[in-house]
Structures are given as C-alpha cells and as structure tokens.
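There are 4 protein chains.
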Amino acid sequence: MNSNTFQDQKDQKLSYKFGSMQHVDKGVRQQAVDHNIEVIKYGQELGSTSLTVWLADGSSFPGQLNFRNAFNNTLESLQSVYDALPDDWKIFVEYKAFEPNFYSTTVGDWGQSLLYANKLGEKAYTLVDLGHHLPNANIEQIVALLLNEQKLGGFHFNDSKYGDDDLTVGSIKPYQLFLIFKELVEGMDARGLNHATDLGWMIDASHNIKDPLEDLLQSVEAIKLAYAQALLVNSKALNDAQLNNDVAGAQEILQDAYRTDLRPVVAEARLRAGAALNPLGLYREQQIRQQLIGKRGEQTVATGL
Amino acid sequence: MNSNTFQDQKDQKLSYKFGSMQHVDKGVRQQAVDHNIEVIKYGQELGSTSLTVWLADGSSFPGQLNFRNAFNNTLESLQSVYDALPDDWKIFVEYKAFEPNFYSTTVGDWGQSLLYANKLGEKAYTLVDLGHHLPNANIEQIVALLLNEQKLGGFHFNDSKYGDDDLTVGSIKPYQLFLIFKELVEGMDARGLNHATDLGWMIDASHNIKDPLEDLLQSVEAIKLAYAQALLVNSKALNDAQLNNDVAGAQEILQDAYRTDLRPVVAEARLRAGAALNPLGLYREQQIRQQLIGKRGEQTVATGL
Amino acid sequence: MNSNTFQDQKDQKLSYKFGSMQHVDKGVRQQAVDHNIEVIKYGQELGSTSLTVWLADGSSFPGQLNFRNAFNNTLESLQSVYDALPDDWKIFVEYKAFEPNFYSTTVGDWGQSLLYANKLGEKAYTLVDLGHHLPNANIEQIVALLLNEQKLGGFHFNDSKYGDDDLTVGSIKPYQLFLIFKELVEGMDARGLNHATDLGWMIDASHNIKDPLEDLLQSVEAIKLAYAQALLVNSKALNDAQLNNDVAGAQEILQDAYRTDLRPVVAEARLRAGAALNPLGLYREQQIRQQLIGKRGEQTVATGL
Amino acid sequence: MNSNTFQDQKDQKLSYKFGSMQHVDKGVRQQAVDHNIEVIKYGQELGSTSLTVWLADGSSFPGQLNFRNAFNNTLESLQSVYDALPDDWKIFVEYKAFEPNFYSTTVGDWGQSLLYANKLGEKAYTLVDLGHHLPNANIEQIVALLLNEQKLGGFHFNDSKYGDDDLTVGSIKPYQLFLIFKELVEGMDARGLNHATDLGWMIDASHNIKDPLEDLLQSVEAIKLAYAQALLVNSKALNDAQLNNDVAGAQEILQDAYRTDLRPVVAEARLRAGAALNPLGLYREQQIRQQLIGKRGEQTVATGL
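Protein chains in written order, with this note's numbering: chain B, 54 to 358; chain A, 54 to 358; chain U, 54 to 358; chain F, 54 to 358.
Pulled out of the complex, with its shape left as it was, chain B reads as follows (with noise of 0.2 angstroms):
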C-alpha cells in the first residue's frame, strides 16, 4: 500500500500545505498519522504486506521551518504509524531531493531515510525511487550500501534526465539501470535474499505522451533485459578482477554482459510462461488499446490518454 499525504490531501479536514507529519500543529500530524493507519487497514483487507511513505514535507524558503523540529516530529509521527505495523508488515520510508518544495525535504536523501528506518526499528526499511536524487549521485552505489545495512526496502523504477521527470525505464541511462541491477544481484544473494519477494518492485513511470500501457511495456522489458544482464555478469572473474585491481579488466567483464542481446533470452522465458514473444507488437496488432477503450466506453466516457 501507498500512502501519500499530498496526493490524499482531498479527503482530509487538516491542509497539509505546511507539512503532514512534520506539522507544527500535533492535530495535522495525528491527522497524517491516522489516515496512514486506515491505509493500513485496508492494505490487510487487500492481502498487502507493506506501507510505503512518501512525504511532501518540507520547505519552500529559508526559515519557513526548524529543521530539527521538522525531523523530530516526521520521527514522531512515523513512529505512531510504526507502532500500529502489523508484525509481518515493513514499513518503506521514501526520500527525495526536491519538490514539491523547493528549500528543503523532511526525507530528503537516503541518509535522512536510513536514519529515520534504523530509530524506527527493524521492520521499517529505506525505497529508493530512481528519479529522487540530486544530480550526479551514484545511485548503484546507495543501493549496495543499503543492502550491506539490511535496510533496502524496495525500488520505484523509472528514468529521468534533470529530476523526478518520470521517463519510461531504461528509456535515459539504460547502463545506469544494468550496473543498479547488478547491485541488487549480488547485494541480495550476499544476504540470501529471494529476488522476486524480499524487495518491493514497483513501477513509478508514466508521461502523458505514451499510451501508458505501452509505456508500462517498455518498462517492464527494459527492467527483464537489466536484470538478464547483471545475471549474466561472470562475478567469479569480476570478483578477481577486483582483487588484482585489474580497472580495465573489470570494466571488461561488465561490458560483456551489458552488450550481449538478451531480447531472446527474455523473450523466450516469456513464451515459456505463455506470455507474448514481443507484448509491445501484440499489443498493437490487437489494437488492445482501442479495444479497452471501447469496452470503457460502455459505461463511462473515455478521456483519451
């Protein structure tokens, strides 16, 4: 389940143009704190086992707020929703640079969200969101740290070249996508973790200039090549390459797996689940789009994309 104060802010009494869990009024923070915990409630009702928190918070101008106070009450806060966790329920605390506000986030890197997931306790883990960083920042290696903490949580895959921009996975830095997957392979069979469960994949791409199906198409292959490719990766002479500080030789190795076509290989895997060869070109030949438009059509009126 998602909770998110800005985009839920219609259904509640309290603004939260000043904050939600941050709030200088105890009243907006409980405010926050409750409608997390209904998130909660129905995220049961739906069989979920995990509560992501983004938070607008923060600030737009110097002195709007008290940086600690800021800090301690979001801890506060979240440390209310931290205590109604079912107990095999994780607690996802997202970061992000900027905006909506434009001086300053609450949970602005992952150095503030570890920081708020290690005071929580072990059910509370940091998301990374590929588009939430400053530009520059060498997110792979975030992603290796958090691993090595044990306080990955999850991942909102998409791309974007200046900010939360969004773009369609792979669609800007695909190397930058392969060397992340790398990261969670090796990251994640060091702590022998299930690949497919013990993280949260989710997919936070969408612009509206793509039919956002085929958008979501384009994703999703762009994550299988990623993933096929860091498999693919010989750990074993990297891993040497390493000790010898062999630079040029492990970029080599790297290389290698990321210039190998692996279109086939996920093509095939996806036949073999009875799934289409090539989903994009399906989806098209079918003109499912228009088809589920028109079946929408029936009862509502189609917005166009």
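It is possible that some hints are incorrect.
The list treats identical chains as interchangeable, and a pair is accepted whether it falls inside one copy or across any two copies.
With a straight-line cut-off of 25 angstroms between C-alpha atoms, the simulated SDA-like cross-links for lysine to any residue are [what the hints assert, rightly or not]:
hint	residue 1	residue 2
1	Lys172	Leu333
2	Lys277	Ala310
3	Lys143	Asn287
4	Lys79	Asp293
5	Lys70	Lys289
6	Lys143	Glu91
7	Lys94	Asn55
8	Lys289	Ile262
9	Lys172	Gln203
10	Lys70	Arg342
11	Lys277	Asp314
12	Lys70	Leu296
13	Lys143	Asp87
14	Lys204	Pro139
15	Lys172	Gln132
16	Lys66	Leu246
17	Lys289	Asn247
18	Lys70	Asp257
19	Lys289	Gln339
20	Lys204	Glu175
21	Lys79	Asn189
In case anyone wonders, no lab produced these hints; they're calculated from the structure.
Bear in mind that the values here come from a model prediction, so they are computed numbers and not experimental data.
For chain B, the structure is supplied; the task is to place chains A, U and F on it using the hints.
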C-alpha cells in the same frame, strides 16, 4: 591533526593508487591505519585533541571495486584507528561527493559519514566541507540534522560554484553561509554547546590567483560577518513565525539580520581584541607580504606566488 | 504581451501535446503563429510594444523528434510572427533548459535563443528567466554577453534552488541577484541604454505557500536593493583593480557595495515617490489582503490562496 | 594541431595566470596569438590542416574580470590567429563550462563558441568535448544544432559523471554516446559530409588507474560500437514515427539498434582491415605493454604508468 592518505602518499611504501583504508590488500590498509596512528602521536605532542580523516578512496570506473567490501574494509580500518584514539580525542570522518575519484567515493556523503561515525562510537563525528557536495545540496539542513544527532564534529569553510573549488569563504554564496551559521548557532544553543570550542573550525580555501594571506583575511571576515548576522536573528520572532506558518514573515526575520551591515560591529570587536580595524587594508598598507617575502628571502628563495 | 502556447492551449482547436511552433504538422504550426499574431493585436489595443514568446516545445524521449527539423520549423514559425510584428515592437525569445519536456527543449538555452534572435532580425531579442538554466550556470555572464551583443531583451525575475522553482526574488541567492544587476548597470551604461525603459522587466515568481501580494512586495524590495547596491559599486576602482589583476581588491569593491545596508535609501526613495516606507508592514497592518478578499467577495467567492 | 596556452605556459615569457587571449595586457594577448601562429607553422610542417584552440581563460571570483572586455579581447586575439590561418585550414574553438577557473570561463559553452566562430568566418568551427558541459546538458542536441548551422568542427571523446573527468569513452553513459553518433550520422548525411574526413575526431580520455593503451583500446571499441549502432538505426521508420508523433515507436526503433550486439560486426571489420579480432585480448596476451616498457627502457627510465 589532519590525516590525508592521498596527500601523504610520498612518505609511504605501498601505493594508495587504488585506495588506502578500502584497499583489497590488507597490507595497504594496515599501512594507512599505522599512518593515522602515527599522526595521532604527532598530534599529542602538539597538543591536538582531534583527528580529521579524509579519504580519497573510491573508484573511477564501474566494476572497479565492490561497494560493500570497500565500505566494510574502510569501517574495519577506521575502527582500528578509533581504538588507538586517546580518551579525550575526537575523530572526524570527512565526506566528499567526487574527485579525485570520478565514479564513486567510499565516504561520499553525510549519510555515509554518519553511518561510519555511528558504528565507530561516541568519539566519532562527521566533518562538513562546504565544497564536498553534489549540485544544489541543502548544506544547512545537513548541518542541522547532524547537530540534532549530536554528530557534527566540525567544518572546513570555503566557497564554490561547481565542485571542490576551494574559493574564498563567502565569495560566491554569502547567504548560504549565513544560513549555515544560523543553523550552527541555533543547533549548538539547543545542545548547550560552546560556540568557540565544541566544534572544529577550519578554513580550507586557497586559490593561486590571490595572495594566500589576503584570501585568509577575506575568509575570516566573511565568517565573522555571517556569525554576527546569525546571532542577530530574532529567534523568538522566528519561532513564532514558524509556529504560525508565516512563511513571508519568517523570511523577513532572516533577511532583516542578513541585510544589516555588521561590519562596524565586527571591526569594533576586533579593535577591542587588540587587532586591526581593517586587516586587509593594514596588510596592504604595511606591505606585510613584501616584508614576509623579504624575511623568508634571507634563508630561502621566495616562490612569489 | 506574453504568448504561451502551453498555457493558452484551452482556446485552440489543434493539440499542442507534441509542440506548437516545432510541430511536424504545418496546421498546428500555423495555429500557433496565428495565435501569436492575435496576441499582438490584443497587445496593440492595450498599448503594449513587445511580445514575449515562451515555447514549451521539445521532447521527453530520445528519438521523439528530429532536433534539426524542430529547430527549423520553429524558426520558420517565429519568422512568420516576426513578419507580423509592428515596427515599434520587439519580440523576446525566452529559453528554458527543461520542463515541461524532460529530454530536450527546442529553445533550451541562451545560445539557441540568440541564434533565433540573430536570424529573425533586429527587433528580436533574448529574454532571460533566472530559473531556466542548468545547475551552476553563470547567469550574470550570460547577461553581460547578451548586452555586449545588443540582444538582451528583458528579464523574468525569481529565485530557485533546483529548477524553475519560481521562488520570491532574492530569497535563495541574493548575491547572484546583485551580480546580475551589476552587469545590467554596467552593460546598459556602456550601451547608453535607459535603465528604466530599454529592457523588459518582469517578475515571474509566485508560490502558493505565500500570499501572492506579499511575495510580490518582497520580490520588489529585493530587486530595488540589488539595483541600489549595483549602482553603489565603485566602477572606477573596480576597473583599476581589473586592469591590475587585483583579484582580492576587486572582490572587496563588490562586497563593499553588497554589504552596505541600503534599505534606508530604498525606503526614502519610496517615500519621496509617495509610497509607503515599509510596504509589507503597511500591507499587514492595514489588512489589505482581507480588504481585497472582502471586495472580491461581493461579486465572487474568494478562493482563499 | 592543438594549442593550449594553459599547458604550453612553460615555454613562454609572460604569465597566463590571468588568462591569455582575454588578458588585460596587450602584450600577453600578443604572446598568445604569436604562440598560436607558431603552432600553425609546426602544424604545416607536419601536414596538419586544423588548429584546435582551447583557452583556460576565465575567472575564479566575481569582479575579477569584465565579462565584455574578456570576450572582446578574446575575439580580437582569435581574429589575429584566424587571419594567419592557411587557406585550407580550419580553426576549432573549444568550450568548457568550468575548471581550471571556478567562476567563469571565457569560452564557456557552445553558444559562446558559436558566437566566436560566426564572427571569425567560414573557416572557424565549434569543437565539442563531451566532458565540458554543465550537469544534465543534452549534448546530442548541441551536436545536431551545430551540424544544422554547419559549424560543428570536431570532437573530443571521453566520458564523465561529474565534470571533465576524462574517463574511458563509453564507460559511464554508453547510450548517450550512441545518441550522439545517431545525430552525427544523420546530420552529416543531411549535409553530404564524409563521415571519416569532414569532422575532426579525437579521443581525449585518460585516467592514471588504467594502462593508457588499454584505455585507448576500450575507447576505440566503444566509439566503433556506437557508430555501428547509429548506422543500424532504421532512419526511414524513425522518420515515419516522428511524423506520426509515435513516441513509443520511435524509442523502439532507437533501442532496437542500440540493443543489437554489434561486437561481431565490428570485429569482422577490424579483421578485414588486417587488425586484431580482439585488440585488448591480444595486447594482454602478447604483453605489449611490457615490450614497450622494455624498449623505452633501453634509452629512458620508464615512469611506470
């Protein structure tokens, strides 16, 4: 005392080309540890009570190192240094986003530094160098959070536009400097810390196109002004504005302090302390640079600058 | 007059989803041209003598458009608008690095804008919006170069930390604002331009967490202070320092002007012009916001903020 | 031939500490002009037909120089060099955003470079170094626009994450490299240019933690792969997708080419040209580095790396 394996390389047998405390070779790591312990001994003779560790460790190409091993090796090395730290000493773990390594840095941001400091123990702190961040980082928030965690150790002051430019303090972003001092004053007061002695204050700025002493005089003046402006902030009124979410009002309070010309106050304080009213003016009028070059010239050949 | 096909979409038949003046469809381009010509007509009725063109045109994914065709189509469209421009009008070509498109913008930086302006002719100029640059851009240098080329048309003032944040002028980087005004004063004087009338001065800042009028009052005050400080720079002494490569001295001259508290001067000027000494104070004391909401309320429902 | 007053300082009498072609002192400017003219003469003897001018000129502190004078001085100096250029030569004006100067660079971006090139004349062109941009710049668009203006002179290939890192080509952002080659192929074809000879192709990458020859071999391979992938793009289908604003389709076409493993094609081409199938493998197997060090060692002391 400052320990810097990157710059101190020349006196040591094994190469730090592939790192020091992170190195895959236990021998190199031990050499770096021994070097730091030696630095502590010199420091004790000189009456110092702190060790600043800045590591150039990192990588310039994907695959060059294993992030988790690099982190764990560095932690182990730091732990050995920490164990040799005298009881009344502090160790400052400095971070830097990039350079001289251009892909990853093993103590790359405040989050990593704090992780090390927390694992090491209560004598370990984070050191903030203003030029060591990714573009657009909110440094004043980092300062506030580290003070909140009781883990801010000290500062390297300088200014920059692009990276670790080491420009004169206050020459590019004087308002940011003021905001940082506002957090320092507020956060230290909240913790009952002594402004003068409870943090390590260092200037790490110097550019070859200025006389280094003039650079230093300008840096000191900028720091004193920012500190005086921070002390002038009406913290009671600011707190009220924050509690009322009066964003424009809070900005007015900060800018009132910042826009006040406190040069006369700083000059008077200097005069009362027996120093010059106008240090840079005096330095130029008295041709102190020429005098110093003259004196050094008796024994050595001055390099000019 | 401002023309903005992105925001003006609602009144037009063909969609600007894939651009306006860059569009692959001649019909859409023509619609955008016609819209601009219509805006000119309204402007003439209102006594305006300039047209500011900001285009959201660009792309969000590699391959989406052909950069050269997009440029050439845009140039052709702008030429058609230019041809319809009254003799005493200017056209300002605004640039923006990113957003709402997240891969490329067809008028993306000052270089592109100047290219269009030079190709269009002598009535075409570049417009600078402070928030429309890549991280760390030196905006004051751009201003100086555009003045040197006699192609600076005007300004959108605001402030920002990350992107096009549209924060109150002077709220984040007041020293940069001063440096920009220093270039404006110096460059306009060198060209014999009238400070008040020969450039288009606009404020384009507004954030929903401040009362928009208070935001505006703070922006105007910041602009007046920066302008007054720029006028105070001892340009003769600065020129001498530059000719002697006295870098520290040149910095002193700039900072002397910047550190002087010119609020009394600006307030006195306001008083002599028949305005309030302290506009924000008066606005709050007289509860002008409440009065305005009261008045509007007679005809319409106030939206709050 | 490359002219670089910054690196060539040692053989010249007057200091370039405060710039060369921008210098306030006419004598220094003349020295820089003379140096360039001398470089041309050496170039003629060597059979070269182009001069690349990269200037470290700029400033590190606000106020240090007058932007307009620096620009105009540089233009005048370049004009003198241009006037001495043989008829069949080109002059390439290289730009760089920052470093070694940390506040402004006098040829700081492609817009400035193009301004110089346009003012100089038809033998003057812009040179693009991949590492010389502000964060997040869209380099492929710059390449396309320069080709559109018939002013792209050549390339310095390398890769980088933060600044002018000079990493191995293709080691950080291989998809960006492919997109740049796609623009090169498309733009050169549109202008009827010869891929091999009508642009200046240079590799400017080298990092001390790799054997420089291995670095070079990896760079060449990355360039060949990107070029081959760019040639593989179905430009007819891409054009159709663009004309139909089929954004997802256009992305598929680009990624189809990029994801194809063209290493066998590039290797076969190398074999047919009489070169090694696997250059890096051969280089290591034959221990060519050791052989070269051995040979050089007969006359000189090898420096290690």
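Numbers of the earlier hints that this structure fails to satisfy, in rising order: Result: hints 1, 3, 16 and 21 break, sorted rising.
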